[in-house]
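Student: Here are the chains, one letter per residue:
Protein chains: 2
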Amino acid sequence: MPAAHSVPVAESFPDWSARRCDQVERALHALLPPADAVPARLHEAMRYAVLGGGKRVRPLLVYSAGELVGAPEAALDAAACAVECIHAYSLVHDDMPCMDDDVLRRGKPTVHVAFGEANAMLVGDALQALAFAAIASARGHGVAAESVVDMTVALAAAAGSQGMAGGQAIDLDAVGQVLDRASLADMHQRKTGAMLSVSVLLGAACGQQAGGRASWLARYGHAVGLAFQVVDDILDVTGDAASLGKTAGKDADHGKPTYVSILGLDASRHLAAELLAQAREAVAALGPGAGRLGDIAELIVMRQS
Amino acid sequence: MPAAHSVPVAESFPDWSARRCDQVERALHALLPPADAVPARLHEAMRYAVLGGGKRVRPLLVYSAGELVGAPEAALDAAACAVECIHAYSLVHDDMPCMDDDVLRRGKPTVHVAFGEANAMLVGDALQALAFAAIASARGHGVAAESVVDMTVALAAAAGSQGMAGGQAIDLDAVGQVLDRASLADMHQRKTGAMLSVSVLLGAACGQQAGGRASWLARYGHAVGLAFQVVDDILDVTGDAASLGKTAGKDADHGKPTYVSILGLDASRHLAAELLAQAREAVAALGPGAGRLGDIAELIVMRQS
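Heads up: the sequence lines are chains A and B, in that order. For the first sequence, counting from 1, position 292 maps to 292 in the working numbering; every step adds exactly one. For the second sequence, counting from 1, position 223 maps to 1223 in the working numbering; every step adds exactly one.
Calculated directly from the structure, the hints in this document are not laboratory data. Owing to the predicted nature of the structure, the values given are computational and were not obtained by experimental measurement. The beta carbon of each residue, even a glycine, is placed where N, CA and C say it ideally should be. No incorrect hints appear here.
Simulated coverage check for chain B against chain A, where a stretch passes if three residues somewhere in it have a Cβ under 8 Å from a Cβ of chain A:
(1) 1033–1044
(2) 1121–1130
(3) 1139–1150
(4) 1162–1171
Only chain A is shown next, with the shape it has when bound in the complex (with noise of 0.2 Å):
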């Protein structure tokens, strides 16, 4: 095993957190074509779209459920950058003038206005190409053809019109209505823990058969992914444009549906305490090598942007 890979017993999670962000880094520049392949301006725009920003919460996902059951590390590179692939075409798309209309994105202008509208919809539809030909490239890298396929499967159905589109189309729909908490449930289940979710599966899929553990992984992914939603909520109403990198308050000045407009604050923090408890449950079944889904799970809940 390469020296950088190695996992020193004692070390911290933003130690931790700050290597694997470091891994994906690196891989995602490896992968996305040089910025001066033809044709140039796309590829620079994919790479702005793509590299030197962001939580990288779907990557860190990859990366603890691949720790667990011991996945090479070159075959989580490939699960990470596609996951990542997916959730940077998202931002993109999502942010455009038809869609949220956004200007800033991690702090910085969003796609379409620093490259205009119709290169900011080329990256976003090439950025969801090549997360499938990174996803395909695990095969390359230890894991069989035919667990390939199956995360090919995985990712096209968290990605799709019954996944994080389909969410999307949802959330589109439900502007100026009240919805449910189930139906409200149900959107961001589709919208953003689909993509959450498939990242821990995915991870757990480059490596030995998950077993007994997939229930147990499948349930820390459930609660995960809705607690990120309901902090996401939170913090749209608590937080502040510099601390988030992105215009607070928006979706409340939209009239979308969230937990707080819903359930009000209090309330949405009690839920999001609750996930985490249903992540911890998960996290003391997986066992000792389960640890870093632990610290995952509390970063999400606990981050203050």
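Given chain A, work out where chain B should sit, using these hints.
Tutor: Coordinates of chain B only, in the frame set by chain A:
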């Protein structure tokens, strides 16, 4: 083999083509989520974008290459659906106001006109994910997982930043520019040729190893891919909206370089004939099983819409 798939020896090309178009229509109908599945409006719009229209050139290439290698019908359906979903998504995004801003497609209002821009964006995004789900499903129909991963890699490359999406980016940058013939060919080889070529490749990959035929299949795909665009450029000048099912003369109006604008009409027709001759040469080399590939090359060059 089910009766619907039996091939009468003397089946004419129009009969074959109509039968194969019905076949991919049924397969797409089954692949696309029902119009009442949540989120219903998104699924309705996806079905609107994909079903009941189009020449289905890419599926016909899949089936004809598949016949050459004796591929299982269900696997060919999967590959045919995959390339048609990618094609349909590209049309939906390409028609949007920030791209070509077209209101008419296949004689119907474009998706963003009928369903709004935000839904059109999500329709395209979800159709791309569905394409990768479709190609992965070939595994369940007699194609080895190793081949399915190869097919995923090929589809991602053909659709992505160095294939179709890249060609569209070059096209954007080319508005008002003077391109030489080589640059124009490069743009079209990416924008249209890559997906036509990969259709041939995917059909062949569903069956026995193409072996010595692989290079002839590639030459055939290259020739018909380019011919398709040359003829498109000719029809943009000589066709009318009624037979094209879309607005004629758009490219010239937008100052886009085309074969006609660079070579003139006569030389463009000569080039189309030359590419048809190259395709015929490949078909002859591929042997008697390649008859349908020959028919499709004629169709692509001789079409009036």
